[in-house]
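Visitor: Each chain, letter by letter, is given below.
Protein chains: 4
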Amino acid sequence: MFFASDNWAGADARINQAILDHGGGFTSGYNNGELDKQVEAQLSQIFECDLSVFFVATGTAANSLAIASVSKAGSVTFCHEEAHLVSDECGGPEFFSGSRLCPVPGRLGKMDPAALRTAIARFPADFLHHGRPGAVSITQATEIGTVHSLEEIGRIAAVAREHDLPLHMDGARFANALVSLETTPAQMTWKAGVSLLSFGGTKNGCWCAEALICFDPALSGELAFHHKRAGQLFSKSRFVAAQFKGYLDDDHWLTMARHANAMTARLAAHIEASPHARLAVKPDANEVFVVLKKAMAGELRQKGATFYEWAAPLSHSDLLKDDSEALYRLVTSFATSAGEVDAFGAALKG
Amino acid sequence: MFFASDNWAGADARINQAILDHGGGFTSGYNNGELDKQVEAQLSQIFECDLSVFFVATGTAANSLAIASVSKAGSVTFCHEEAHLVSDECGGPEFFSGSRLCPVPGRLGKMDPAALRTAIARFPADFLHHGRPGAVSITQATEIGTVHSLEEIGRIAAVAREHDLPLHMDGARFANALVSLETTPAQMTWKAGVSLLSFGGTKNGCWCAEALICFDPALSGELAFHHKRAGQLFSKSRFVAAQFKGYLDDDHWLTMARHANAMTARLAAHIEASPHARLAVKPDANEVFVVLKKAMAGELRQKGATFYEWAAPLSHSDLLKDDSEALYRLVTSFATSAGEVDAFGAALKG
Amino acid sequence: MFFASDNWAGADARINQAILDHGGGFTSGYNNGELDKQVEAQLSQIFECDLSVFFVATGTAANSLAIASVSKAGSVTFCHEEAHLVSDECGGPEFFSGSRLCPVPGRLGKMDPAALRTAIARFPADFLHHGRPGAVSITQATEIGTVHSLEEIGRIAAVAREHDLPLHMDGARFANALVSLETTPAQMTWKAGVSLLSFGGTKNGCWCAEALICFDPALSGELAFHHKRAGQLFSKSRFVAAQFKGYLDDDHWLTMARHANAMTARLAAHIEASPHARLAVKPDANEVFVVLKKAMAGELRQKGATFYEWAAPLSHSDLLKDDSEALYRLVTSFATSAGEVDAFGAALKG
Amino acid sequence: MFFASDNWAGADARINQAILDHGGGFTSGYNNGELDKQVEAQLSQIFECDLSVFFVATGTAANSLAIASVSKAGSVTFCHEEAHLVSDECGGPEFFSGSRLCPVPGRLGKMDPAALRTAIARFPADFLHHGRPGAVSITQATEIGTVHSLEEIGRIAAVAREHDLPLHMDGARFANALVSLETTPAQMTWKAGVSLLSFGGTKNGCWCAEALICFDPALSGELAFHHKRAGQLFSKSRFVAAQFKGYLDDDHWLTMARHANAMTARLAAHIEASPHARLAVKPDANEVFVVLKKAMAGELRQKGATFYEWAAPLSHSDLLKDDSEALYRLVTSFATSAGEVDAFGAALKG
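Residue numbers (numbering that gives the first Met the number 0), protein chains in the order written: chain S, 0 to 349; chain X, 0 to 349; chain D, 0 to 349; chain Z, 0 to 349.
So here's chain S without its partners, still in its complex pose (with noise of 0.2 Å):
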């Protein structure tokens, strides 16, 4: 029962038969490889336009550089309360860009459109005191599990127009949202306004795959010189282009992201049903966050169940009723079975 993170499993069977496939024989290296290129195509093909990709070793990675290459003197990126970059990055998106995150408020891990105007009001274009906007960040799906309907990326996208201010989406979990709307990767990306996007593919069945995708030529140049100054240019690159080609070929993206979706939603059944537990958010993707007592929280456990308590946010401090009880995530992945599933909807039973 192993619900911690998607990143306690290893990697898919087709991945690894990809590294294999794809291992043999010399290439260039430095992302000038054959396997490389195709990958990019087979991206540009997906997402149905021209676009540039920065293969990169963590989601942190592609975030800070995002935020860095749209970045000048002065500027403040705009992100949710809660978003990774703000709480679980150590200050990287800042490093790289120089730049402050200032955090804005919105129910269930969605920037409050109003909340970003408002935010973003605050910084007059006269005067240079305060610093001067950046850049939007949105993050798809959330960090509590939920995921933004295309009308609400575009009321934030327009938001971040008005201010002519470049939109991010940190899409570590990209695939699990992805199904979850039942869209193209188009429709949520580019076609909404987002103009760079951290593509993750680690969570949902690779080793180590992530990819800064960039729609916007005109950051591309820039982009590359970041990327190598930050040490994140893989020299045998192809290991990257080779899951990617794994991950997408036939869609197994898909195929991995809705298994664990699905998982996530047997789960949530299993939480409604329990006496013992309540959701705390009605999941869209792949974690759910549920409410436990701390005893019930340790007789998991006790049972064999791996999952994490997780600080409330701030934005669901009153999601508890008393000390007794908190809040923790639970996360399925690709490698996550129905048993699984259901042995811990009988644990729950008590």
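Hints are computed from structural coordinates only; laboratory data are not their basis.
A couple of the hints might just be wrong.
You can't tell identical chains apart in this list, so a pair holds if it fits in one copy or across any two.
Unchecked claim - List of simulated lysine to aspartate or glutamate pairs, EDC-like, C-alpha gap at most 20 Å: (1) K36 - D125; (2) K36 - E339; (3) K281 - E324; (4) K320 - D341; (5) K71 - D87; (6) K71 - E221; (7) K71 - E181; (8) K71 - D215; (9) K302 - E47; (10) K281 - E150; (11) K71 - E298.
With chain S fixed as given, assemble chains X, D and Z onto it according to the hints.
Guide: Below, chains X, D and Z alone, put in the same frame as chain S:
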């Protein structure tokens, strides 16, 4: 006849097998897994000391974080004028450290200890305008395929120690240097005065296995934050750990390095036997620098050889007789075959 | 009726005289001159302790270098959500320190010690993803014209000390706060737990006399490099030293601050007596925040008063009854006359 | 006999008077005051073009912000190997720009245009590993007291223009160079290809009057943010404006520079006439570099002369016959008297 770089090869079969072997099941990420700890213990045994290991995506990252961790405001890091830090990392070490690199001359890619002492002396302790010495960095094997002897490392380390400066070793080709000297990892590093080591496995048969090894416990705590902030803390870190396991088990890394070095020696013999080529430098490890008529280089390429022209480094600008000649670099690896080398030798005969 | 800012006035006559008095002859620059040392000794006597003094161009520089000197990779500095560091320095503290600022709420411009403890607790020592606490900064007098009592400073300092965090004080209006409390410089700083002080003289009668005062000898050596590297080490530093001499001699700084505070108190009395205005906050120093009908503000300006509308700070967003009102800031200084204040009072009567 | 530096003198009487003249009344701060605008207009007239002026605390700040405003990720700035940027600013330019400085050789403190071209050629456009050329910076007058002719500036500017690189001029001793060439400010700057100028007034009679002058409107907007973020935007900026007014009115700055240069010429004549000294370089401005027996230097100091020994710059390491000799720098200023110079001359006769 692939001699362009040791990163043109894929990964050795044992490395791939190790990834497959350790891919099953669920385990904690972010360097907290069991396998990660095993590898740290294994390296500790190999280096005969306590140490901390930080897996990173690239050698640029290892070098940059090493320098960053020992730099303060106004620090200057001394390295050879042809060092990878200075010439091939797009300003990464300076960006991460906020520190300047001061190039130091020296024959055969090795920093001259006297020149190092002179360079340091330009920063008197009571004159902060110039900045202050921060660290010394050497490359083993060097950028032109030579290897510092233990005595040479010791002489540089002595100057560093005189000025209380930490010594970093860029070991992108650590294994090749090690087997060239037929010494121990401990002798070539901390026993010689090295406190930070960029330990490269990628060029010697892995996919992506680079580590910053820290012999100084006082630095490890700080490095952990630099590492995460830089976007270098892999989530599924066991995929690097697995590679290192396959790399280190049964001294496989040394076997691969011995093979690569032998292939370079065989290549050098062909070059010395050829009337159309001459060695620029006697090779110690797995790179050979050769002077060829440009026309000859063209012919070799037509016959299928890949290799790079090399901008004559500053300390070797007198290598070329005239404009009809150029300097070329040929690199061998675990994947180079004797047949390939001999084919090149035959082609060299004209 | 100039109430726009205390930096709209020129310099006091004694300050100008001091510049003239010390302008003759030749003397060593870069803080090595005799006068610079005299001023350091004088400050040492005034603060009753050993200290180091770094003259800087602006309060932004003093604050930024203070935070930079105590920050490491991933550090987070805690300050009040309305602090000048956060809102008016164009990202300077983050740029110099590579560190994030974490805004902490609190009434009347003062950080709430409990909120500070909660904020720090979000950074558990064993979880580097979030970053780590680096420093605490308070502003004395605060951004809305209040003054922390010694007890209030002590409570914040106690939380900082619990977590082993250095405490910085932004003393842009240090003198005004000091005379408001009728305490000693030592009591209000190091005896209360402050290790770094931005000591402002410019707003209180100087031209350009700002200093970063460091009570912790362990930090001074590092600060010297930050100071020079930041382009803040004046060559003819004696022109700052001379200003400080004129400022400090005969307690002239306290005399000027007392005058400025008295003018604000007089202004506040007029406001309280007026049917057209009300105090937003009871002023402790030389700034008064007042709620006016916008129409009334327009009239006052027509009669020659200068003052700024103030974006209602987060913690006071409920100050305004409706859109016809706005919040305004009025500042007095050494150069404000009672006549001016009374003229404003008369204008307020309508 | 004060020849240690031109920053050992205080301020000229006219500068002090200007501060007093403009000290009364209330005026807007942060470069928004009337006087600030007058000075900008006056500089615009003197330079015969539109321009933006940013007052800064030090030459280090002017240089660092200039380089920062034109640098991007991986940028490299080319400057003379003895430039103040490289050797005397404690890493400030690198810190502010995140960019590397690449030292270029050249005789007499002047960058050799051919060497510049060679240095730039080491950064081919299609190879981002090395980084990329970002800017060129020259110093006028140079660090060893020579002055680039307009033709020499033009040749360097031509190389910069070929590569589309902005040209910065460090004019810490701009006035001394200008009167040496008997040319116009426009000829020596933007007409010759300079787009950013560090315009120094401090060494030539002011207290603290340094400005970064920007001839390129496209850069000015960005510089405003760099300037504020760096803690270089003075609140009571009129105290710098006033100094510049006193400096520029009636060509007083040129009068002072002519005097300083004449004093250096007089000093040089004494040196040439002396059997105990020889000129290291023929002086063009207000600094003279002289080779003396160390014993002689000791005698001169005993007689009351102040001056610094100078580390023989790289390009002049052959100046000294043996260890009994050393290189010394003597600087004259607006405050140097002919009597002082002649007294030194007399002392030199032995």
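Visitor: The structure should be examined with respect to each hint, and the outcome stated for every one.
Guide: Against the structure, the hints come out as follows:
1. K36 - D125: between (45 Å within a copy, 17 Å between copies)
2. K36 - E339: Neither way: K36 and E339 sit 39 Å apart in one copy and 27 Å across, limit 20 Å.
3. K281 - E324: within (18 Å within a copy, 42 Å between copies)
4. K320 - D341: neither (27 Å within a copy, 56 Å between copies)
5. K71 - D87: between (23 Å within a copy, 17 Å between copies)
6. K71 - E221: both (13 Å within a copy, 8 Å between copies)
7. K71 - E181: Neither, since 36 Å and 40 Å both go past 20 Å.
8. K71 - D215: both (17 Å within a copy, 18 Å between copies)
9. K302 - E47: For K302 and E47, the Cα distance exceeds 20 Å both inside one copy (47 Å) and across copies (40 Å).
10. K281 - E150: Within. Shortest intra-copy distance 19 Å satisfies the 20 Å Cα cut-off; inter-copy 47 Å does not.
11. K71 - E298: Classified as neither; 51 Å inside a copy, 40 Å across copies.
Consistency with the previously given hints fails for numbers 2, 4, 7, 9, 11, ordered from lowest to highest.
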